Amino acid sequence: MTRNTRTPHSASRNALRAAIASFILLGGMAAAQQRGGTLTVGLGYDIDTLNVYSTGFLGDVQAAVVEGLVAPDAKASYVPVLATQVPTVRNGGIKIAADGKSMVVTYRLRPGVKWSDGVPMTSADVKFTWETVKNPKFIAESKDGSEDIASIDTPNATTVVVNYKRVAPDFMSTLFTFGIFPKHTLEGKDLNTDTYNEKPLGTGPFMVKEFRRGQYVILERNPYYWRKDSKGVQLPYLDGMVFKIIPDSNTLVTQLRTGEVQMAYGVPYSQVTQLDGVPGLRIVKNSVLSWQHLDFNLKTIDAFKDPNVRKAFAYAINKSAISKALGGYPTPINTVVVPVFSYTNPAVPKYDYNLARAQQLLDAAGWKVGADGIRVKDGKRMSFKIMAQAGRSTDEDAEQVIIASLKQAGIELQPDNKSGVAFRDARYKGNYDLFYGGWITSADPTYSVFYGSKGVNNGQGYASGKIDTLLDRAESTLDPVQRTAALRDFQTELMTDLPSIPVTSNPSMIAITEKLGGFVPNPTNMTNFVNSSGWYLNK
Amino acid sequence: MNATHLLKRLVGTLPLLLGVSLLLFGVLHLAPGGPLDVYADNPSVSPEALAQMRTAFGLDQPLPVQYVSWVTAFFTGEWGYSIRTARPVTQEIVERIGPTLILGGTAFVLSLLIALPLGIVSAVRRYSGIDYLITFLSFLGVSMPVFWLALMLQLLFAVQWRVLPSAGIQTIGSDSVLDLIHHLILPACILAFASVAGWSRYMRSSMVEVLGQDYVRTARAKGLTTGRVVIHHALRNALIPIITVVALDFATILSGAVITETIFAWPGIGRLFIESMNGRDYPVLMALMMAGSLALILSNLLADLAYAAVDPRIRYE
Amino acid sequence: MSDAAIPSTRRRTADTPWRLFRRRFLRHRLAVTGLVMLCVLALLALLAPHLAPYAFDGQDLEIMGQPQPPSRAHLMGTDQLGRDAFTRVLYGARVSLAVGLASALLSTLLGTLVGSLAGYYRSAVDSVLMRLTDVVLCIPLLPLVILLSGMLRPNVTLLVAIIGILGWMGTARLVRGQFLSLREREFVEASRALGGSNNRIMFRHILPNALGPIIVATTLAVGSGIMLESALSFLGLGVQPPTPTWGNLLNYASQWLQNAPWLALFPGLMILITVLSVNFLGDGLRDALDPRS
Chain P
1 MTRNTRTPHS
11 ASRNALRAAI
21 ASFILLGGMA
31 AAQQRGGTLT
41 VGLGYDIDTL
51 NVYSTGFLGD
61 VQAAVVEGLV
71 APDAKASYVP
81 VLATQVPTVR
91 NGGIKIAADG
101 KSMVVTYRLR
111 PGVKWSDGVP
121 MTSADVKFTW
131 ETVKNPKFIA
141 ESKDGSEDIA
151 SIDTPNATTV
161 VVNYKRVAPD
171 FMSTLFTFGI
181 FPKHTLEGKD
191 LNTDTYNEKP
201 LGTGPFMVKE
211 FRRGQYVILE
221 RNPYYWRKDS
231 KGVQLPYLDG
241 MVFKIIPDSN
251 TLVTQLRTGE
261 VQMAYGVPYS
271 QVTQLDGVPG
281 LRIVKNSVLS
291 WQHLDFNLKT
301 IDAFKDPNVR
311 KAFAYAINKS
321 AISKALGGYP
331 TPINTVVVPV
341 FSYTNPAVPK
351 YDYNLARAQQ
361 LLDAAGWKVG
371 ADGIRVKDGK
381 RMSFKIMAQA
391 GRSTDEDAEQ
401 VIIASLKQAG
411 IELQPDNKSG
421 VAFRDARYKG
431 NYDLFYGGWI
441 TSADPTYSVF
451 YGSKGVNNGQ
461 GYASGKIDTL
471 LDRAESTLDP
481 VQRTAALRDF
491 QTELMTDLPS
501 IPVTSNPSMI
511 AITEKLGGFV
521 PNPTNMTNFV
531 NSSGWYLNK
Chain G
1 MNATHLLKRL
11 VGTLPLLLGV
21 SLLLFGVLHL
31 APGGPLDVYA
41 DNPSVSPEAL
51 AQMRTAFGLD
61 QPLPVQYVSW
71 VTAFFTGEWG
81 YSIRTARPVT
91 QEIVERIGPT
101 LILGGTAFVL
111 SLLIALPLGI
121 VSAVRRYSGI
131 DYLITFLSFL
141 GVSMPVFWLA
151 LMLQLLFAVQ
161 WRVLPSAGIQ
171 TIGSDSVLDL
181 IHHLILPACI
191 LAFASVAGWS
201 RYMRSSMVEV
211 LGQDYVRTAR
221 AKGLTTGRVV
231 IHHALRNALI
241 PIITVVALDF
251 ATILSGAVIT
261 ETIFAWPGIG
271 RLFIESMNGR
281 DYPVLMALMM
291 AGSLALILSN
301 LLADLAYAAV
311 DPRIRYE
Chain V
1 MSDAAIPSTR
11 RRTADTPWRL
21 FRRRFLRHRL
31 AVTGLVMLCV
41 LALLALLAPH
51 LAPYAFDGQD
61 LEIMGQPQPP
71 SRAHLMGTDQ
81 LGRDAFTRVL
91 YGARVSLAVG
101 LASALLSTLL
111 GTLVGSLAGY
121 YRSAVDSVLM
131 RLTDVVLCIP
141 LLPLVILLSG
151 MLRPNVTLLV
161 AIIGILGWMG
171 TARLVRGQFL
181 SLREREFVEA
191 SRALGGSNNR
201 IMFRHILPNA
211 LGPIIVATTL
221 AVGSGIMLES
231 ALSFLGLGVQ
241 PPTPTWGNLL
251 NYASQWLQNA
261 PWLALFPGLM
271 ILITVLSVNF
281 LGDGLRDALD
291 PRS
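These protein sequences, in sequence, are chains P, G and V.
Mapping of the first sequence onto this note's numbering: residues 1 to 539, in sequence order.
Mapping of the second sequence onto this note's numbering: residues 1 to 317, in sequence order.
Mapping of the third sequence onto this note's numbering: residues 1 to 293, in sequence order.
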C-alpha cells in the first residue's frame, strides 16, 4: 500500500509467487455464518493483468478466482485444494528414482470440480498449464518450476503424473500452486493478449463479473464452486467482493474511515494508530514470512569485504529504536529464518546494539574518526549510499533510524531510494552500496535464491562455498531431519559471516470491518484472499 | 481566415511534432536500462526470448533507424504494446481518456465561470476592498500546493462532514450522472483552483486596459451605466487576450491532473502516467508524452483560430 | 537593479529611473510586505544552524514512535522519529529556498542567453532557437519533470538542474522580444557605430535595458520552483529524507493529518507564505518596472 510504487513490497517476486495462500479449515468455525453480502476491499496498487502468471503484483483478486492443486495454510504448511492430498514420500505421492537424481510426483485430482463456466476440470488442464507456462512465447513473470519438469502423464481425468528432472523439495511452491489454466478456453490462444487477462476463468469461489481498469474489479459467486462447509452449505458465503483500486495510501485510509472500503491490508504502521479508534474497524496483525534486512554490496564496496566492518555495522544499528519508531509493530530479529518455521535457529550469533563494540571494531579495522566525525581509512571516507523503496514510508522511516544510528559510529549514509521497476532492477543487479528492504518467502523457502552464490536475488554478490554446500544439502533432500539440520547450520554460518544484517520482522497490518467473520490472515504473502470462501458478513 | 490559412497552420505543426518526438525519443533513451530491463531480472525469460523481444521491438537496430520506425509507427497509429499489461497502448489510453476529459473539462468550465466574473469585478472596482480581496485570494490559489489542499478538503468534506465521497469516479454499480457529479465535485474544484487564480488576474488586467480606452470613456460619457458599458462594450474586447491564455491552459489542466487523479483515485490519464512511470512502461510513456504534446499544439492552434474568430481586426491572408 | 548602472551625475535630478522605480514599488504595499517576508525567511534559512535548537536529523529515542504536539521544548512538536519539527522546518527553508532560487537563476540564465542570441542575431539563429523553444514549450511541463525525476532519482543539484533546464522558454521569448525592439534603438546604433563588439552590445548595452521583465520572470520562477519541488515530493520523486525540504516535510506529514495535524501545518504555511510573497513581489516589480504605467 505504498503511494508511488506498485510492486510487491521488497519481495522476491519469484519466491512469493510460490506462496499463493492457504485455506482455512472450515469445519471448526462458529455457527454464525450467513450467506449473502458483498465485501468491499481497497487495493493500494493498479492491477496490470488478472493473469496470475503474468501480473507484477501479488495477485489478491486472482487468489479468490483461480485455484492451484495445493496451497499453504495459515501456518505455512501445504493443504490440498484441487488435489485430494498433498503428495509426500510417505503417502506414495512422491517417488524418488533409484539413482536419487529425479523424482515422480503424482496428484489425484478432486472429482467433480468444475470451472466457473460449468465445464469439468481435468488432468488435461494441469498438463496444459505446464505447457502454456513453459512456452517461451508466453511472457510471464513467474515460470519457476516449469523447467524442472521433463514430462507429464495423464493416465485418466483425475490423475496427474509429473516427471521431474531433479529432486526438487520446493516443487510445491511453484507451478501448480499458482493456479491452473482452463484448456477448453485457452487452447490455441495467445495468452499474452487473450481476454483471459481481464476475465480469468478459474475454479475458485468467485468469478470476475467486471474489471474496470484503474477503478475496480467486481467478483461474484461462482455457482459451480466445489466446496461446502461442514453443514453442507454451498460456499462461498459472500455473494461477492469488490476490489477498489486506490493508489494513494492516505486516500485508502480515508476510505476505511468513511466506510467506503471495508478492508485493506498492508496499512502503513503510522496509519494503523490512527485507525485504531475508528468504530466498526478492527486491526489484525499478520506475521508474514518476511523479514527486514540490511544488505552489503560485496561486489563493489571494498570496505564491506572485511567481516569486522560488517559486524561493526550490526552492533551499531539500534534495532529496538527501529521497532519503537515504527510503533512497535515490527520486532527485532537475529536470523533470516522467520520463527514460524521449525528450523529457525535461536542459537545464532547475535549482534545486540552495542555502540562501543562497533567503534572498537572499526578502530581495529583501521577506520579512524576524521575531522568531520566520519571515519577515514587510507584517505577514503566511510560514506555510502543506502537504497530503500521510495514511497514506502515504513522502510523510509527505518532507513532514517539506521542512518542516525550509524552516524553515531562515525559512518555516513546517504539515502538513494528508488521506486517501481527501477528499485527492483537495482536490487537484482546490486546497484547499491547498502540495501534496506524486506524479503518474503514461500511456505517452502529456498534460501539459495538470496544467499547462494548464483541466487537470482543475490544482487549483493555474496559468495561462500560453505553456504552453498549447506543450502545445496537442504534444498536437495526431502528428509525433514536432514533439511532442518542443514538449514540450522546455514543460519549459524550466515550470521557468523554476516553478508546481510537481519533487522526486524515485517508484519502486515490488516484493517477489516468488525462484521467480517471467518477471516484468518495468511502469512505466506499478502494474498489473504484465497481464504475467502469461508468469509461471511454479519448483518 | 480561410481554409488555406488553416492548412498552413496545420502544416506548420508538423515540424513541431517532429521536434517533440526527437526530443522525447532522446529523453527516453537517456534512461538507465532499456525498455527490456523489466525482463532482465527475470530468470524465467531466457536470453533467447529476450533477444526475440529485442528484435520484435526493433531494439537491435541503430538508434536513428529505431527513431524513424517509431515515428512512422506513431503517426500511423501503431503505438505498440504496453510492457506492463501487454495490451495495445492505444487501448490503454482510450480507456483512460474519458475520465480525464470529464474531470479536466469540468474544471475548465468551472474555472471560467468563476475566474471571469471575479476578474471583471476586480477591474471595475479597481483598488477597492473587493479588488484587494480577490487579488489576495487569487495569489493564495497559486501559492498552495495542490496535494495539500486536496488532502485537507478530502478530510473536511468526506471524513468530517461526510457530504462528499472521498475518492473514485462513481459508486460501484451506479451509472447515474448525479452520482458522477457527486464524485466530481472535490477533484474538479481542486483542479480548477489554480487556474481560477491565474485567469482572474489576466481578466482583471485585460479589463482594466479596455476600460481605459477612448470608446469606453465615450460610452460612459453618454451616460451608460457601468454594467451596460462593461457587458456591451468592454467585455468582448477584454476577452480576446484571455482566449489565448485559457486555451493554452487547457492542456496544462489536463497534465496537472496527475496529482489530483492520484489522490482521488480517478481512473484517468494522469494515473496511467504514474503507473507507467513505476513500471518503466516506455511505450505507454512515449505515447502519453506525444499525445500530451499533440494536445498542447492543438490547443495552440485552436487559440489562434478562436482569436481570429473573436477579433474582427485580425485577418489572415 | 543596481545603483551602479546609473551615472551618479544624474542622481541629483528629480526623477532618476531608480527613484521612480523605488517610489512606485514602495506604493505597492503587498509587494513590500512580500519582500520583507522573503528577507526574513532567507535570514532564517541562513542562520538555521544557529537558530535551530536541535540537529536536523537528531532523533529522540524517548519520544520516538508517535509525533508529539507542540510544547515548550519543541515549538512545532516532533515527528514520528522524535525529531524537532521546528528545526526541520528551519533547515527545510534552506533547501527549499535554495532549490527555488537556484532553479530560477538557472532558467533565467538559459532563457536570457537563448533570447538574446535569437533577438540580436535574428534570421537563422533566431529561427533555430525559437523553433527549439517552441518544441520544448509543446511538451507538457509537469509530466516531463516527473518523467526525468523518476528516471534520474535526483539529488538537490540534479533537481535544480531539471527544474531550471525545463523552465527557460518563457524567459527566452520575453528577452527575445525585448532585444528585437531594443536593437533598433539609437543607443545601440551609436555603440555599433563606435565599433562595439556584438557581445559588448548585447550584454553591456541591450541587456541592462531589458532587465525589468527578466527580474519579474525570475522572481515568479522562484515560486514555481518551490511548488514543483513540493509536487515532486508528493510523488516521492523529490529530495530524499532525512534532508528536509518543505515539500517532503509536507508529504511526510500528510500521513499524520488525523493525529498530528501540526506536522503539516507549519511546512504548508511556509510554502504558502513564501510563494505568496514571491508572487506579491513579482506583481509589485512588474508594476514598478513597467514603463507604460
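Keep in mind the hints are simulated off the structure, nothing from the lab.
Be aware that one or more of the hints could be misleading.
Calculated from the model, a selection of chain V residues having no Cβ within reach of chain G, i.e. all distances over 10 Å [what the hints assert, rightly or not]:
(1) 53
(2) 56
(3) 121
(4) 134
(5) 138
(6) 192
(7) 198
(8) 212
(9) 258
(10) 283
Chain G residues, not near chain P, derived (Cβ > 10 Å throughout) [unchecked claim]:
(11) 71
(12) 162
(13) 216
(14) 271
Facing chain P, according to a computed beta carbon distance under 7 Å, are these residues of chain V, among others [unchecked claim]:
(15) 32
(16) 157
(17) 195
(18) 197
(19) 255
No experiment lies behind these values; they were computed from the predicted model shown.
Where is the CB? At the ideal position from N, CA and C, for every residue including glycine.
Checked hints:
no. : hint : verdict
1   : 53   : 26 Å, holds
2   : 56   : 21 Å, holds
3   : 121  : 20 Å, holds
4   : 134  : 6 Å, violated
5   : 138  : 5 Å, violated
6   : 192  : 33 Å, holds
7   : 198  : 27 Å, holds
8   : 212  : 17 Å, holds
9   : 258  : 8 Å, violated
10  : 283  : 8 Å, violated
11  : 71   : 25 Å, holds
12  : 162  : 7 Å, violated
13  : 216  : 49 Å, holds
14  : 271  : 6 Å, violated
15  : 32   : 38 Å, violated
16  : 157  : 13 Å, violated
17  : 195  : 54 Å, violated
18  : 197  : 46 Å, violated
19  : 255  : 5 Å, holds
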